[in-house]
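Just so you know, the sequences run in chain order A and B. Per numbering that gives the first Met the number 0, the first sequence starts with residue 0, numbered consecutively. Per numbering that gives the first Met the number 0, the second sequence starts with residue 0, numbered consecutively.
Hints were generated in silico from the structure; no laboratory data involved. The model shown is predicted, which means the values in this text are computed figures rather than measured ones. Do not rely on the hints blindly, as some may be mistaken.
Claimed, not checked - 20 Å max Cα-Cα, derived EDC-like pairs, lysine to aspartate or glutamate: (1) K384(A) to D201(B); (2) K73(B) to E232(A); (3) K308(A) to E232(A); (4) K218(B) to D149(B); (5) K392(A) to E107(B); (6) K288(A) to E232(A).
Stated by the list, open to error - Okay, the calculated bits of chain A under chain B, using three or more residues with CB under 8 Å as the criterion: (7) 200-214; (8) 255-267.
C-beta atoms are modelled at their ideal positions from N, C-alpha and C, and glycine is treated no differently.
Take a look at the letters that make up each chain.
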Amino acid sequence: MIREVPEVPRRSVLGGAVATGALALGMGALGAAPASAAPGSGPAEQAAPRRRPGQKTMIGVPYAVHRTVRVAVIGLGNRGSGMSAGWAAVPGCRVTAVCDIRADRAKRVAEDLVGAGRPRPAEYGGAADSYAAMLRRDDIDLVYIATPWEFHYEQGRAALLAGKHVVVELPVATGLDELWDLVDTSERTRRHLMLAENCSYGRNELAMLKMAHEGVFGDVTNGHGGYLHDLRELLFSDTYYTDAWRRLWHTRSTASFYAMHGLAPIAAAMDVNRGDRMTTLSATATAPKGLADYRERFVPRGHPSWREKYVNGDLVTCLIETANGRVIRAEHDVSSPRPYSRINSLAGSRGIFEDYAGTSATGARVYFEPDHSGHSWRDFAPYRKEFDHWLWKKIGDEAEGGGHGGMDYVLQWRTVQLMRAGLVPDIDVYDSASWCAPVPLSVQSLARGGRPVAVPDFTRGSWVNLRPGLDSRMTEMPPV
Amino acid sequence: MFSVVLRRAGAVVAVAAAVALTAPAAVAAPRAAADRTAVAVSPVDLDGPAISEVRVTVANAGPERMRRLSVGLKGPAGWAVQPAAARVEGAVRPGAAASVVFRVQVPERRPGFTLRTFTATASYEGGDGRGSGTGTRVERSGAVLERLSDAFDNVGATSESDTAPGDFDGEGNSFSAQRLAAAGLSPGARVDALGAALTWPDVAPGSRDNAIARGQAVKVEGQGGRLVFLGSGVGYDAAGTATVLYADGSSTSGAVGFPNWSFQEATAHGATLVGSTDGRNRPDGYGDAGVAYRVFAHAVELDPGRRVAAVVLPADAGMHVFGVAIAP
Numbered sequence: 000m001i002r003e004v005p006e007v008p009r010r011s012v013l014g015g016a017v018a019t020g021a022l023a024l025g026m027g028a029l030g031a032a033p034a035s036a037a038p039g040s041g042p043a044e045q046a047a048p049r050r051r052p053g054q055k056t057m058i059g060v061p062y063a064v065h066r067t068v069r070v071a072v073i074g075l076g077n078r079g080s081g082m083s084a085g086w087a088a089v090p091g092c093r094v095t096a097v098c099d100i101r102a103d104r105a106k107r108v109a110e111d112l113v114g115a116g117r118p119r120p121a122e123y124g125g126a127a128d129s130y131a132a133m134l135r136r137d138d139i140d141l142v143y144i145a146t147p148w149e150f151h152y153e154q155g156r157a158a159l160l161a162g163k164h165v166v167v168e169l170p171v172a173t174g175l176d177e178l179w180d181l182v183d184t185s186e187r188t189r190r191h192l193m194l195a196e197n198c199s200y201g202r203n204e205l206a207m208l209k210m211a212h213e214g215v216f217g218d219v220t221n222g223h224g225g226y227l228h229d230l231r232e233l234l235f236s237d238t239y240y241t242d243a244w245r246r247l248w249h250t251r252s253t254a255s256f257y258a259m260h261g262l263a264p265i266a267a268a269m270d271v272n273r274g275d276r277m278t279t280l281s282a283t284a285t286a287p288k289g290l291a292d293y294r295e296r297f298v299p300r301g302h303p304s305w306r307e308k309y310v311n312g313d314l315v316t317c318l319i320e321t322a323n324g325r326v327i328r329a330e331h332d333v334s335s336p337r338p339y340s341r342i343n344s345l346a347g348s349r350g351i352f353e354d355y356a357g358t359s360a361t362g363a364r365v366y367f368e369p370d371h372s373g374h375s376w377r378d379f380a381p382y383r384k385e386f387d388h389w390l391w392k393k394i395g396d397e398a399e400g401g402g403h404g405g406m407d408y409v410l411q412w413r414t415v416q417l418m419r420a421g422l423v424p425d426i427d428v429y430d431s432a433s434w435c436a437p438v439p440l441s442v443q444s445l446a447r448g449g450r451p452v453a454v455p456d457f458t459r460g461s462w463v464n465l466r467p468g469l470d471s472r473m474t475e476m477p478p479v
Numbered sequence: 000m001f002s003v004v005l006r007r008a009g010a011v012v013a014v015a016a017a018v019a020l021t022a023p024a025a026v027a028a029p030r031a032a033a034d035r036t037a038v039a040v041s042p043v044d045l046d047g048p049a050i051s052e053v054r055v056t057v058a059n060a061g062p063e064r065m066r067r068l069s070v071g072l073k074g075p076a077g078w079a080v081q082p083a084a085a086r087v088e089g090a091v092r093p094g095a096a097a098s099v100v101f102r103v104q105v106p107e108r109r110p111g112f113t114l115r116t117f118t119a120t121a122s123y124e125g126g127d128g129r130g131s132g133t134g135t136r137v138e139r140s141g142a143v144l145e146r147l148s149d150a151f152d153n154v155g156a157t158s159e160s161d162t163a164p165g166d167f168d169g170e171g172n173s174f175s176a177q178r179l180a181a182a183g184l185s186p187g188a189r190v191d192a193l194g195a196a197l198t199w200p201d202v203a204p205g206s207r208d209n210a211i212a213r214g215q216a217v218k219v220e221g222q223g224g225r226l227v228f229l230g231s232g233v234g235y236d237a238a239g240t241a242t243v244l245y246a247d248g249s250s251t252s253g254a255v256g257f258p259n260w261s262f263q264e265a266t267a268h269g270a271t272l273v274g275s276t277d278g279r280n281r282p283d284g285y286g287d288a289g290v291a292y293r294v295f296a297h298a299v300e301l302d303p304g305r306r307v308a309a310v311v312l313p314a315d316a317g318m319h320v321f322g323v324a325i326a327p
């Protein structure tokens, strides 16, 4: 029996989960096509919704110059509290307000910031809609959202409508209609919405991107990425994920929830939305065994999880084709015993990069012609040094102490710099929507027996145009 | 101004204002049928990371109107070019030209010498009647190495008393310095090959004595008929294209390659055997007696009327270069 979580807004359920739920219940899945449907003829193939009169693209639109970036944070659990300190540490950035449904968390984070010598932010909390009151403040330029997934769309949209720029943790939304609505809302409000895709700012990932642009890979033909992280212990923890929100997603959706950490760097290296685009996605899923097996061995009888049935496959794999004939494999597995990996592999006509495979400090290995011959892997270290992104050269030392190996701080520093200097975002709403589209599309494809489904073109045709992105030119942080 | 149709990944996208046609400056005089279509590529701004615009101009030098003109541009391997090709609607009159603007994704400028080659192709009906034409622009940047030894990055010869530093083949094996000397290939020795007087690297055994060909540019000055390379190969496909840069800014290129140091025909890739040794040094000492390990020469033609300034080595890690010199 699939049970819903009361806190989940109906819209989220309709977007990301009902297809799975319906399928699991033996009902006709929403949007599911007949088995005889041609590849790519799924719901996503529908034409892009028309822009309203006057609505324009946000591609290439710079931020207005902000002397100081004033950040508000919604969601102060593990992620939000840590990132609050990170935002406050960036030169020219101030956390002006914090919000959590649990008011005590807002107070704690505010006190932590004061303890770190930062100004005390305004505190909001105590109700599910406390954030709405916070968004009415006029001393907020950027809203950072780190709540459970089911709230991302609603809160991100509300922040845009309140006239704020938004950085949203993964995924920005779980339904195609939601993703389109965020694109439209960004275009209508002229505010940017960005997926907090910190791994896109990883040192290896950025070097890989620069090597792709240099032509080290020759013509890039394929890439693999994903999120392979044994979260079983945390998923069954009674304290880590508030109200077990993340585990409960495994009871109601077959989606590849969180592959963006591996998908996004590969998409960037392939210039997705900047000359290429993802066109079709087909998904496979292994049986959901991992969580039940873990529960059987390690979770006491009587624990609330024993009333749950897990439907999310242990390994959900999405094969994504691009307009330029490339293939991306994006994997998601958080319920199997295994060491951590985001895979990070990119290959082309002249060589290959593989992360999480080498023995050097970088953790990566390579093989490129003409530098290499003899069919043996080589150390990535000299390449990372040669192709090190300017962000890591500039602030790598500052970032090293930050979360996730420094990626969090690089993302935060760069975001603040872009806003303070009035530059075009590295990651925009179109990237964010594209990278999150596999969440609902994997559900659709699995419901169709793994048949390919079309990936929407959120740029509405502008993907053909080359344009800068994460491989940016060095610029200075404006002086404080 | 004409509209143009952009082809990309099988899709056809109509784009306006990417193509401009220019009329002849004066009334075009009748042209000889032998006049070729000229395809020119504009200079490329290589100050990346950036998106640079590159204009390709196709001049109709033929006697007929040029129809169904399609223009494409290809950059260095792996560089994105938008569009890959563009079709010019309408016709280009004799003496007139059409130009198409392409956008190229330029990476961050690299330290060291680079050659970036952009090749434009035009296919058409009418015009000079040939049906197609090409134009190339080679953009150079960075400094040229003063001498080949500055590019030495591999230990190819070791003493039989200390074989550990060697790694000619990527597996820790190397030439025996003693046996090379017996074949006339001792440090600093003159080596005559294919008409050139080369010098065997004047370094002690166990030192870096050869350059793995990775596209390095090395100063080589003089005039002559051939540029001779001294070296040997790893694998079966140790071959590539060497580019000769002349003092007047022009360049020529030619194929060059070496057979595998032990088990390939000595004339593979067109090479010439220079010297042979019996056995080789392995990580644990001298061994493989009875097997020949060899050094070769290969040459590319030069324009004898122009002064050579530098050579860009091929980009093939199987090629190991011990020396280079100009032959009369």
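Evaluated hints:
For the suggested pair K384(A) and D201(B), the alpha carbons sit about 31 Å apart, so the restraint of at most 20 Å is broken. Only pairs whose Cα atoms come within 20 Å are accepted, and K73(B) paired with E232(A) is rejected, the gap being roughly 52 Å. For the suggested pair K308(A) and E232(A), the alpha carbons sit about 17 Å apart, so the restraint of at most 20 Å is met. With a CA separation close to 10 Å, the supplied pair K218(B) and D149(B) stays within the 20 Å bound.
Under the criterion of a C-alpha separation no larger than 20 Å, the hint pairing K392(A) with E107(B) is consistent with the structure, at around 14 Å. As the CA atoms of K288(A) and E232(A) are separated by approximately 15 Å, the hinted pair is consistent with the 20 Å bound. A stretch counts as covered by a chain when three or more of its residues have a beta carbon under 8 Å from one of that chain; for the segment 200-214 of chain A and chain B the count is 5, and the coverage holds. Look at the segment 255-267 of chain A against chain B: 0 of its residues bring a Cβ nearer than 8 Å to a Cβ of that chain, fewer than three, so the hint is violated.
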